Structure formats: structure tokens, C-alpha cells
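**Student:** Listed here are the chains, written in short residue letters.
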Amino acid sequence: METTLRITSARAGSSFVAGIEKISGQKLLACYQCGKCSAGCPMAAHMDVLPNQIIRMAQLGMRDQLLAAKSIWMCVSCLTCNSRCPKDIRIAEVIESLRLTVLRSGQRDDNLHIMELSPDACAVLPPIATISAMRKLTS
Amino acid sequence: MGNENKPMKLAYYPGCTLKNQAVNFDASTVSSMAKLDVEVEELDRWNCCGTVHALNSDNVMNRVAPVTNLIRVKEAQASELMTGCAMCYNTLKRANIDVKSRADALATINDFLSLEKTKYEGDVDVLHLLEYLRDRVGFDNLAKKVTRPLKGLRVACYYGCLLVRPKEVAFDDAENPMVMENLVRALGATPVDFSHKTECCGAYHTVDKPEVIADRTDKIMGSAHGERADLMVVSCPLCAFNLDFRQDDARRLNPDFRNMPVLYFTQLMALAFGCDEPSLRFDLQHIDPLPVLKARGLVQETLDRAPA
Numbered sequence: 369m370e371t372t373l374r375i376t377s378a379r380a381g382s383s384f385v386a387g388i389e390k391i392s393g394q395k396l397l398a399c400y401q402c403g404k405c406s407a408g409c410p411m412a413a414h415m416d417v418l419p420n421q422i423i424r425m426a427q428l429g430m431r432d433q434l435l436a437a438k439s440i441w442m443c444v445s446c447l448t449c450n451s452r453c454p455k456d457i458r459i460a461e462v463i464e465s466l467r468l469t470v471l472r473s474g475q476r477d478d479n480l481h482i483m484e485l486s487p488d489a490c491a492v493l494p495p496i497a498t499i500s501a502m503r504k505l506t507s
Numbered sequence: 053m054g055n056e057n058k059p060m061k062l063a064y065y066p067g068c069t070l071k072n073q074a075v076n077f078d079a080s081t082v083s084s085m086a087k088l089d090v091e092v093e094e095l096d097r098w099n100c101c102g103t104v105h106a107l108n109s110d111n112v113m114n115r116v117a118p119v120t121n122l123i124r125v126k127e128a129q130a131s132e133l134m135t136g137c138a139m140c141y142n143t144l145k146r147a148n149i150d151v152k153s154r155a156d157a158l159a160t161i162n163d164f165l166s167l168e169k170t171k172y173e174g175d176v177d178v179l180h181l182l183e184y185l186r187d188r189v190g191f192d193n194l195a196k197k198v199t200r201p202l203k204g205l206r207v208a209c210y211y212g213c214l215l216v217r218p219k220e221v222a223f224d225d226a227e228n229p230m231v232m233e234n235l236v237r238a239l240g241a242t243p244v245d246f247s248h249k250t251e252c253c254g255a256y257h258t259v260d261k262p263e264v265i266a267d268r269t270d271k272i273m274g275s276a277h278g279e280r281a282d283l284m285v286v287s288c289p290l291c292a293f294n295l296d297f298r299q300d301d302a303r304r305l306n307p308d309f310r311n312m313p314v315l316y317f318t319q320l321m322a323l324a325f326g327c328d329e330p331s332l333r334f335d336l337q338h339i340d341p342l343p344v345l346k347a348r349g350l351v352q353e354t355l356d357r358a359p360a
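As they're listed, the protein sequences go chains A and B.
Count the first sequence with this note's numbering and you get residues 369 to 507, in order.
Count the second sequence with this note's numbering and you get residues 53 to 360, in order.
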């Protein structure tokens, strides 16, 4: 990712940071980048931005990069990161708040189109799978 | 176990998938609990547990479905609700903890549910079946009911996420839980120690990214194979679907992948208690467990899979 970031006292993006902290109930600045969340993440291999990088970018208010990241849709809230964080930050809650920021935007920017599933898929998928996918990936 | 002569009654929440693809989980739960002299009473008018617990702290709307179920428990004159589904357990328990600790959130939900005759006051406890078996029945008592010890059967106990995370709902160690291993041992089987027992199966990505699930299934089942397990037991119908049905995809991904049957822990319990085929429903398993069970002498040679 090619990004130039200028850190100033103007605190651009601070309303985004405040929103993420409010939805998630987490204090982003508690993170000291040990990387334990990314080390244990079962979805890390499929992510473009790792969980510890998500927290860093959220601290810095990098709204557009975060909301465009594939990672926020890959996280399945398994909570391995949360349970291993030495600072008790709930990383999964932060990622959920990023998903919600997209899903609540009113753009219907869904990451699952359930009507496009094949009849074969619909025939075997249990309700626990389809309902939870819709709960997490659709507005 | 409380009153010796009268069977104990326990409010039971099956959840949606136990009435659909996971009828084998439901049937084996009810029949094995009957063998333990516990009468499970399905909750009247239960609704969706809410599926995945919403992780946001600024909206209580997602707590309405679980709280409605807890109201039904009160209406059934009960103070505890037992469920075997790991996801229902996790969602009901977390919603319960959340509203118990936030009076304003509970007041908002009760206001929203103003047509309900009963108010929820945080006065119901949510239990997982494994927790009930360990703490109320006791594995020593449970072992006495075994009529068909599962001798020689090597079992990989898979917990996934929902029984052990977050720590508020966990009833065992988050990194190395042992409750299922202790149950399996009480049934006469041999639990194996494998590395992936609390690794996520990929959950609902089975809907939109089945190739990711194939990779998870390959790694999880491969780790159990490495310890020479005969089969795997689970407590979550979503894990069960991913680890059982997605083995076909795992084999396409990795030509060296070997199949392994996946059962609900209650099916293993019902088998050891001598319950008959209608309460086992092995015909609903994608990977047929009968060859390995026959090889271990645990089912009769004549028992065939019922036609689907």
C-alpha cells in the first residue's frame, strides 16, 4: 500500500476515530503493536491488512483505506485476537465497528448477495450459516 | 443428582439448525438425557437466538431476540435454560451478561417488548449441555450409565470458538479446554491431543467463501489425523457443516486430504448409552461414521445407513 501520512496537531479524521471508539467501546491508543492478534488470526492468510495494522490505521484515522480493506469482511469474529491481547483490546469489536460504518452508510454496500447463491448451495447450507452471514455482511 | 426418584426437568433450547440439518444433534440430546434421568423440556414458543452476537456497544436491537427467549424461560416457571448448540449458547449467554450489567440497556429492551406480559430482570441463567453434564450430572455418574463402552475409539474433541471465547462465557480454559475429553473418557473412548481444537473453522464464510472453509477444514482435520483420531466430535452445527460437508472441497484443495467422520458429542453419548438408531441418525452425517464404528466393534455389522 502506497500511502503518505502526515501527522499534525490538526487531528484530521478524529471524528472517524471517535466514531470507531464509540461503536466498538474500545480505546484504540491502548495498543502497543505487539502483533499477537495477527499471529493467531485464522484469517490472516486471506487478509490484505493484518489485525494489528488495522488498529494502527484506526489510531491514525485512515478512514478510506480501512473501509476499503478486504480484511474487515474476512474477520469472522472468532475472538482469538481478543482473548490473547495483553492490553485487553477487543480487536474484533474494532473490526465490527468498521463493518458497521460501511453497512450503516445507507449505500446498501453489502458484502453478500444471498439471492445470487446457487440452488445447490441453498439446498445444503444450514440456517445457522446463512443467517449469521447475513447478520455480519449485509445492511 | 438432586432428587433420586423423580426425573429432573430442564428447560431446553434446541435452536433452528437442530430442527433442520442437525436433527441428529437434537434427537441424540433428548435420548441421552433421558438415559441420565433428566427430562429435557423444549422451551415453549422459542425464537431465533439472534445467531452471531453483535459486537457493537451502541445499539441494543440485536439483544431483543435472545432476551425474548429468556422471558419464555421465566414463563415456563424455570430459572435456567440449557442448550447444546455452541452458537445459541454463546449468543444467549453474552446477551444475558450484557443486559445484566447494563440496567439502561435492559430497560430499553423491556420498553421495546412492552406487549410481553413478563419483564426480563436478568433472572435466568444460560447453561451449555457440556457444563451441565460436568457440573450437575458429574462424569463419574455419567460413566455408570454406559452400557456400550467406546473401547479403542480415538476421538478428537473440537471446541472451535464459541464454547471458549470470550472468557465471560467460557466454562473451561480458553486455550486448552478439557471438558469434552473428560466426557469422551467417561464413555470409554480415548481422547487424542491435537493442535487445532480451538482454531476457528471459518464459520459463516461457508456461504460466501467456501474455498476458505476448505483450507480451514484441511488444516483442522489434518491435525486430528496426525494424532490418529478415528473421528471428531463437535458441539456447533456450523462447525459440523464446515468440517463434515466441506471435506469434499478440502479434498479438491489437497489431494492428500483424508476423510474423517464428524459427530455431535451427544451422538457419541447416545451410542455409549445404548440408544437405538432413530436417536443417533448417523444417516445425516456427510462422511459415513459406520465403517470406523464397525471396525471398532461399536455398531453391529448389519446396521446400515438409513436411506436419506
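Careful, some of the hints might be misleading.
What the hints assert, rightly or not - The calculated label-pair distances, taken between Cβ atoms and stated as ranges, are: (1) L167(B) with I482(A): 52 to 60 Å; (2) S153(B) with Q401(A): 24 to 32 Å; (3) V492(A) with P201(B): 46 to 54 Å; (4) R310(B) with I482(A): 28 to 36 Å; (5) G474(A) with A86(B): 17 to 25 Å; (6) K196(B) with S486(A): 31 to 39 Å.
Hints in this document: simulated from the structure, not taken from any laboratory.
These figures come from a predicted structure and were not determined experimentally.
Heads up, the beta-carbon is just placed ideally off N, CA and C, and yes, glycines get one too.
**Student:** Would you mind marking each hint as holding or not holding in the structure?
**Tutor:** Each hint tested on the structure:
For the hinted restraint 52 to 60 Å between L167(B) and I482(A), the CB-CB distance of approximately 30 Å leaves it violated. The hint said 24 to 32 Å for the Cβ distance between S153(B) and Q401(A), and at roughly 30 Å that hint holds. Range check, V492(A) to P201(B): Cβ separation about 35 Å, and the 46 to 54 Å hint is violated. Taking the beta carbon of each, R310(B) and I482(A) are about 33 Å apart, inside 28 to 36 Å as hinted.
At roughly 52 Å, the beta carbons of G474(A) and A86(B) sit outside the given window of 17 to 25 Å. A C-beta distance of roughly 49 Å is found between K196(B) and S486(A), which places it outside the suggested range of 31 to 39 Å.
Checked against the numbered hints given earlier, the structure breaks hints 1, 3, 5, 6 and satisfies all the rest.
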